[in-house]
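Each residue of the sequence shown is one higher than the one before, counting from 1 in UniProt numbering.
Hints were generated in silico from the structure; no laboratory data involved.
If you're wondering where the values come from, they're calculated on a predicted model, not measured in any experiment.
Mixed in with the good hints, there may be bad ones.
Derived Cβ-Cβ restraints for the label pairs, each shown as a range [unchecked claim]: (1) Leu186 with Thr60: 43 to 51 Å; (2) Asp178 with Asp153: 17 to 25 Å; (3) Asp48 with Asp137: 41 to 49 Å; (4) Arg222 with Glu53: 33 to 41 Å; (5) Gln237 with Ala132: 48 to 56 Å; (6) Asp227 with Ala132: 46 to 54 Å; (7) Gln129 with Val10: 33 to 41 Å; (8) Ala141 with Ser2: 39 to 47 Å; (9) Gln190 with Pro57: 39 to 47 Å.
In the DSBU-like style, the derived pairs of lysine-lysine whose C-alpha atoms are separated by at most 30 Å in a straight line are [said to hold, decoys possible]: (10) Lys78 with Lys204; (11) Lys78 with Lys278; (12) Lys245 with Lys278; (13) Lys253 with Lys78; (14) Lys204 with Lys245; (15) Lys204 with Lys253; (16) Lys245 with Lys78; (17) Lys253 with Lys278; (18) Lys204 with Lys278.
The C-beta atom is built at its ideal place from N, Cα and C for all residues, glycine as well.
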Amino acid sequence: MSDIGLDYRVPGPDVADYATLFYFFNTDLAVFEDTERADHAQVRFRLDDGAAEYHFPDGTVQQAPPVHVLGPTSAAFKVRAEGPVRLFGWGVTAGGWGAMMGGDASNALNRMLDGVAVLGQRIMAARAQFQAARDIDEMAAIATCLIRDLVGDACDDVVQFARQVDSWLEDSNSPEIDDLITATGLSRRQVERKCNAIYGAPPKLLARKFRALRAAVAMRGRDLSFDDAVGHGFYDQSHLIREVKQFTGLTPKQIRDQPTALAAITVAQRTALNGQVKTLISET
Numbered sequence: 001m002s003d004i005g006l007d008y009r010v011p012g013p014d015v016a017d018y019a020t021l022f023y024f025f026n027t028d029l030a031v032f033e034d035t036e037r038a039d040h041a042q043v044r045f046r047l048d049d050g051a052a053e054y055h056f057p058d059g060t061v062q063q064a065p066p067v068h069v070l071g072p073t074s075a076a077f078k079v080r081a082e083g084p085v086r087l088f089g090w091g092v093t094a095g096g097w098g099a100m101m102g103g104d105a106s107n108a109l110n111r112m113l114d115g116v117a118v119l120g121q122r123i124m125a126a127r128a129q130f131q132a133a134r135d136i137d138e139m140a141a142i143a144t145c146l147i148r149d150l151v152g153d154a155c156d157d158v159v160q161f162a163r164q165v166d167s168w169l170e171d172s173n174s175p176e177i178d179d180l181i182t183a184t185g186l187s188r189r190q191v192e193r194k195c196n197a198i199y200g201a202p203p204k205l206l207a208r209k210f211r212a213l214r215a216a217v218a219m220r221g222r223d224l225s226f227d228d229a230v231g232h233g234f235y236d237q238s239h240l241i242r243e244v245k246q247f248t249g250l251t252p253k254q255i256r257d258q259p260t261a262l263a264a265i266t267v268a269q270r271t272a273l274n275g276q277v278k279t280l281i282s283e284t
């Protein structure tokens, strides 16, 4: 039996443009240490009083306050937390970043931000509500109301652009930026600027990131052999290994045969949601 627990809930349609999944993580380990893969931005509420820190790819170490925002990540990173741990959070879509955060996501790439500084003092009142909640379903309901409040009068143009980019990423293992330019009707420079602003990275890096995550998940689920994975947008085996290692922190062999506890439970839980959420979420 795993020493950690991770449960997901699917956001309702009214907030699905802003949140990927709600999740509740818990462990009674005295110290929890693991590797997190590159992902969307995250909003996280530590519901106990233990200390935690993130170790980012460039060597930066940041201590996590009780409520914090993880910016989008472009590589795997380490997390260390004093246990026991009870944590509720959600993934922030690119549209959600544009609607809730306000700042340029590229400035928060591979960094953690103080939740109160970004989202205001009301976030601490929400933490108290999460602490009093009986289960993840109650937490998800609280989070839904909070997101509605944080989003306010979101710009439809931002949400529409995020939908177009998500579709572009889902439609091919190696999407061409010219196809995104055609779909959006924007110039190359405009597309890159807008992707940096809400995804934290330009289209080329986004394509690499989600291609590697998709291959990793498929190999973990035995849906894709190591040899076949090379044909999914990678030049050769060395390229596949480098890319998967950068974005997951593990080699393809480790993902298949010896994943970390967090990697194994994350893939298992997310793939079980296939058909309920975008494939950009369930297949990566």
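Each hint tested on the structure:
no. : hint                           : result
1   : Leu186 with Thr60: 43 to 51 Å  : 33 Å, violated
2   : Asp178 with Asp153: 17 to 25 Å : 33 Å, violated
3   : Asp48 with Asp137: 41 to 49 Å  : 20 Å, violated
4   : Arg222 with Glu53: 33 to 41 Å  : 34 Å, holds
5   : Gln237 with Ala132: 48 to 56 Å : 51 Å, holds
6   : Asp227 with Ala132: 46 to 54 Å : 52 Å, holds
7   : Gln129 with Val10: 33 to 41 Å  : 20 Å, violated
8   : Ala141 with Ser2: 39 to 47 Å   : 27 Å, violated
9   : Gln190 with Pro57: 39 to 47 Å  : 28 Å, violated
10  : Lys78 with Lys204              : 24 Å, holds
11  : Lys78 with Lys278              : 26 Å, holds
12  : Lys245 with Lys278             : 24 Å, holds
13  : Lys253 with Lys78              : 20 Å, holds
14  : Lys204 with Lys245             : 18 Å, holds
15  : Lys204 with Lys253             : 26 Å, holds
16  : Lys245 with Lys78              : 13 Å, holds
17  : Lys253 with Lys278             : 27 Å, holds
18  : Lys204 with Lys278             : 20 Å, holds
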